[in-house]
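Listed here are the chains, written in short residue letters.
Protein chains: 2
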Amino acid sequence: MLGRPRRLAVLAEGSFNPLDAKTAVGVVRYRAMDVAAVIDSTRAGRTASDCAGVGGAIPVVRDLGEAAVLGADSLLIGIAPKGGDLPDAWRAWVRDALARGWDVLSGLHVFLADDSEFAAIARESGARIVDVRRPPAGRPVAARRAASVDALVVLTVGSDCNVGKMTTALELERELRERGTKAAFVATGQTGLFIAERGVPMDAVASDFVAGFMEQEVIEASKEAEIVLVEGQGAIHHPGYSGVTLSLLHGAAPAALVLCHEHGRETVRDRDLEIPPLPELVLAYEMAASWVSPTRVAGIALNTWKVTEPEARRALDVAARSSGLPATDPVRFGVAELADALLDVAAARRARATHA
Amino acid sequence: MLGRPRRLAVLAEGSFNPLDAKTAVGVVRYRAMDVAAVIDSTRAGRTASDCAGVGGAIPVVRDLGEAAVLGADSLLIGIAPKGGDLPDAWRAWVRDALARGWDVLSGLHVFLADDSEFAAIARESGARIVDVRRPPAGRPVAARRAASVDALVVLTVGSDCNVGKMTTALELERELRERGTKAAFVATGQTGLFIAERGVPMDAVASDFVAGFMEQEVIEASKEAEIVLVEGQGAIHHPGYSGVTLSLLHGAAPAALVLCHEHGRETVRDRDLEIPPLPELVLAYEMAASWVSPTRVAGIALNTWKVTEPEARRALDVAARSSGLPATDPVRFGVAELADALLDVAAARRARATHA
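In order, the protein sequences belong to chains A and B.
Those letters in the first sequence? Residues 926 to 1281, by this note's numbering.
Those letters in the second sequence? Residues 926 to 1281, by this note's numbering.
Worth flagging that the hints you see were computed from the coordinates, not collected in a lab.
A few of these clues could be false.
Which copy is meant is left open, so a pair is good if it fits within one copy or across any two.
SDA-like mimics (lysine to any residue), calculated; alpha carbons at most 20 Å apart, straight line [what the hints assert, rightly or not]:
#1 K947 / S966
#2 K1007 / R1194
#3 K1007 / G1063
#4 K1007 / R1064
#5 K1107 / E1122
#6 K1107 / I1144
#7 K1007 / V1066
#8 K1007 / P1065
#9 K1107 / G939
#10 K1148 / A982
#11 K1231 / E1042
#12 K1007 / A1062
#13 K947 / D1075
#14 K947 / D1021
#15 K947 / R1104
#16 K1107 / S1050
#17 K1148 / T972
#18 K1107 / R1064
#19 K947 / A1024
#20 K1007 / T972
All chains should be modelled from the sequences, with the hints used to inform the complete structure.
Encoded structure:
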């Protein structure tokens, strides 16, 4: 939803690594062609690939001036402020970008366009402020309509936040398209919204309408796709975000799930809550889905970035054997087996539909 | 959250019956002392009790002028507009009330205070516009903190919307207070917010923070109460609202649930989805809670308004036998058995805490 072809300066000051700059790293991975530079003065002079393992030779620079030399014409906020309020240091970057006439793209909870100082500068310079987290208009209430679409709807679900739900869905979209299948990705979070053509910032939507917007998006996406890949959010046992997870599950009414987990993570991040074993998670998600529309987990996506390749392969073996499902690390080993599994589900559905 | 002692004119034009004017009927039932009149020109001349079975001799009148004669000083919007937008006919009532200097209390999704015409009239007359559905400031994320409060936290859950979750919680608050127990009600919907001193309009809160606000409210309420009664929302198998339900369940981390159902209702309202049998619902809610913090259903509240008293008693027998739990109709037969069950749970918790 970048709106037009852009040359992005991606702001990741002090944080351009895969742990702290999820949005910046996601945009660099999936929108590399649109990125002129990453701004992180603490890593200036290095390449994106050096810092984050993605983005190849995209340069990391000190400030907006250096990004301008590289042809940047838009500033994308690639990190989230601690505490949720806009730090003063960031205000200077936003002001500077707008004064240069650059559009500013933000996925923050705070809407930059509502800031009178920013709005005034933008008006003067002709720059646009794009707040992708602004919820859409409307008050749709879901009614299991997405369960009836022709496309195979797939939702990525997880053991926690930040385990690979967006990445798995995007890698599946790419793999399926390469195989000639019409696949569409539906974004549900700020990073996905920067990358995708379609989506809703679900965490900013009033709670009554999350499932309704999810349903709308799936129905729209299925008009042009054979397989719709929906980015999941949160986790069904996450004390803060479980409601969002269930809204997406019941709104999207998917015919298949892919369960995402980070190998080695034992507790929900920043909480003292144990993550259940994968087979229990499979059952919990299938049970929760069944309250509205039954579904099955079709495979496991295991994020193994913290361990060596032999250890990763062992972890995948264990995951596959304990769950009875295909398991892969989408980034490290690709998603071929998951794509196979989804195409099998799609073929079985078509066969049933023909017989019916 | 009425703000101050009031003489309310409760607007229920064309709808003052228990099915169509949920908010008006709730306010008349639980805030009768604050109600000067109900406005419904189609029922003018009758009493509240005649029309809605509650509110005794509170008069139903034709318009604001008649309510003014009865001493009204505030207009409470007691019905919800179809489609969510404010109908033109209602604008005249709101304008009229504000011009009289009456405060206007609204639980609509649309915020009346943001309407420039209404705001201008209010400024001139000194009237206040109170939008109880405006979400509070802050972005709290739940972390199972409510599971550790000393008070017994009880959440009402249901088989559908509009089955008696608010009423059951309010009746339990009254019963427990009459028995000398410090009980506190926490509202989560617009009607509850008009009645209670404490609460949050959960359906208007951005989805990421519903559980967090629920947690905050429970922790606050537990400071002054032995038993905290939380009004539930939606149902865990409702395709539109299940996420809100799960957010409340995981945010409040209750030690006990009361399961509410309307006798005879077989499908989720306005949807083609079957309501599972009560014992299945008990298991589903207990399972969903266990993903964050375990709990048990302590009793069943069955709304039997549609059947005769002997039929109601038979239905309660069946519900009690099939679930192994105490069952009552809170409005028809009181909540003594449910209060007994909750006090037993509270005593058992205290005994465990003493032994630990």
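Checklist entry - What are the numbers of the hints that this structure violates, sorted from low to high? => result The structure conflicts with hints 9, 10, 11, 13, 14, 15, 16, 17, 18, 19 and 20, although it agrees with all the remaining ones.
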